[in-house]
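Given these sequences and hints, build the entire structure.
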Amino acid sequence: NAGVTQTPKFRVLKTGQSMTLLCAQDMNHEYMYWYRQDPGMGLRLIHYSVGEGTTAKGEVPDGYNVSRLKKQNFLLGLESAAPSQTSVYFCASSYRTDLMNTEAFFGQGTRLTVV
Amino acid sequence: AQSVTQLGSHVSVSEGALVLLRCNYSSSVPPYLFWYVQYPNQGLQLLLKYTTGATLVKGINGFEAEFKKSETSFHLTKPSAHMSDAAEYFCAVKSAHRGTGNQFYFGTGTSLTVIP
Numbered sequence: 724n725a726g727v728t729q730t731p732k733f734r735v736l737k738t739g740q741s742m743t744l745l746c747a748q749d750m751n752h753e754y755m756y757w758y759r760q761d762p763g764m765g766l767r768l769i770h771y772s773v774g775e776g777t778t779a780k781g782e783v784p785d786g787y788n789v790s791r792l793k794k795q796n797f798l799l800g801l802e803s804a805a806p807s808q809t810s811v812y813f814c815a816s817s818y819r820t821d822l823m824n825t826e827a828f829f830g831q832g833t834r835l836t837v838v
Numbered sequence: 032a033q034s035v036t037q038l039g040s041h042v043s044v045s046e047g048a049l050v051l052l053r054c055n056y057s058s059s060v061p062p063y064l065f066w067y068v069q070y071p072n073q074g075l076q077l078l079l080k081y082t083t084g085a086t087l088v089k090g091i092n093g094f095e096a097e098f099k100k101s102e103t104s105f106h107l108t109k110p111s112a113h114m115s116d117a118a119e120y121f122c123a124v125k126s127a128h129r130g131t132g133n134q135f136y137f138g139t140g141t142s143l144t145v146i147p
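Line order of the protein sequences matches chains F and E.
The first sequence begins at 724 in the numbering used here and counts up one residue at a time.
The second sequence begins at 32 in the numbering used here and counts up one residue at a time.
There could be a bad hint or two in this list.
When the alpha-carbon atoms are kept at most 35 Å apart in a straight line, the in silico DSBU-like pairs for lysine-lysine are as follows [as the list claims (entries may be wrong)]:
hint, chain 1, residue 1, chain 2, residue 2
1, E, K89, F, K794
2, E, K100, E, K80
3, E, K89, E, K100
4, F, K793, E, K99
5, F, K780, E, K99
6, E, K89, F, K732
What follows is a set of in silico ranges between Cβ atoms, one per label pair, in the way DEER data are often shown [claimed, not checked]:
hint, chain 1, residue 1, chain 2, residue 2, range
7, F, N824, E, I146, 31 to 41 Å
8, E, G84, F, R819, 44 to 54 Å
9, E, Q73, F, A805, 20 to 30 Å
10, E, A48, F, A779, 35 to 45 Å
11, F, T836, E, S111, 35 to 45 Å
12, E, Q73, F, G739, 22 to 32 Å
13, E, P110, F, T730, 37 to 47 Å
14, E, K89, F, V838, 44 to 54 Å
15, E, K89, F, Q795, 30 to 40 Å
16, E, G93, F, G763, 19 to 29 Å
17, F, G763, E, S111, 24 to 34 Å
Since the hints were made in silico from the structure, they are not lab data.
No residue lacks a Cβ here, since even glycine has one placed at the ideal position from N, Cα and C.
The following block contains the structure:
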């Protein structure tokens, strides 16, 4: 059982380039999330999805777009990368359930550097 | 609104000493609380979670946390630190507003160093 898989693990972009980060989960989770992690700031929510075909903005959505065309996949896009987007990106997923104590499961992260 | 505050961005303890990592939460509804651990260059792994009922929660690797509603706290402890406990620890609270997709709100993290 792979859990949550992120692709790629590392990437270096030049300012203005575009790229897509892929997140795949095999746990049949309804909810999926994209976070960025920066030193001293913890994890901040970029976008999230409560189901196939739906997305919503989180705390820091500017400069990013997302799509959830299939239940198991959640894509994060950077249309025109900026140095401020240098960060470690984490994808997570969780069950949609009335049991609110269900946790989020995380991928291994993507380390992105924009030069 | 939900939020968590982790007091102390860096904590150092000697091997064998008590580990205490502090977390206070803000929630207008009954909270759902979590502790995660992140080892270098890895993703976040669940240590433990609070469910309604028992206020003392036991997790993996000998960690436990106590939910104290009167103090709005959910501090993480371990009686005896091991070198392998060196990592970043995150406290998180989950929104009880189901329409917003069960969002998790994370603290800024506490880096634990274990001194031999």
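Evaluated hints:
1. E:K89 with F:K794: Given that 35 Å is the threshold and the Cα spacing comes to 33 Å, the pair holds.
2. E:K100 with E:K80: Within the cut-off at roughly 15 Å; holds.
3. E:K89 with E:K100: holds, 17 Å
4. F:K793 with E:K99: It is violated: about 41 Å lies between the C-alpha atoms, which goes past 35 Å.
5. F:K780 with E:K99: Given that 35 Å is the threshold and the Cα spacing comes to 32 Å, the pair holds.
6. E:K89 with F:K732: With Cα atoms ~32 Å apart, E:K89 and F:K732 stay inside 35 Å; holds.
7. F:N824 with E:I146: 31 to 41 Å: holds, 35 Å
8. E:G84 with F:R819: 44 to 54 Å: Once the Cβ atoms are compared, 23 Å apart, the range 44 to 54 Å for F:R819 and E:G84 is violated.
9. E:Q73 with F:A805: 20 to 30 Å: holds, 27 Å
10. E:A48 with F:A779: 35 to 45 Å: Once the Cβ atoms are compared, 44 Å apart, the range 35 to 45 Å for F:A779 and E:A48 holds.
11. F:T836 with E:S111: 35 to 45 Å: Holds, at about 39 Å.
12. E:Q73 with F:G739: 22 to 32 Å: Since E:Q73 and F:G739 have Cβ atoms about 31 Å apart, the given range 22 to 32 Å holds.
13. E:P110 with F:T730: 37 to 47 Å: For F:T730 against E:P110, whose Cβ atoms are near 40 Å apart, the range 37 to 47 Å holds.
14. E:K89 with F:V838: 44 to 54 Å: holds, 46 Å
15. E:K89 with F:Q795: 30 to 40 Å: holds, 32 Å
16. E:G93 with F:G763: 19 to 29 Å: holds, 28 Å
17. F:G763 with E:S111: 24 to 34 Å: holds, 29 Å
Checked against the numbered hints listed earlier, the structure breaks hints 4, 8; every other hint is satisfied.
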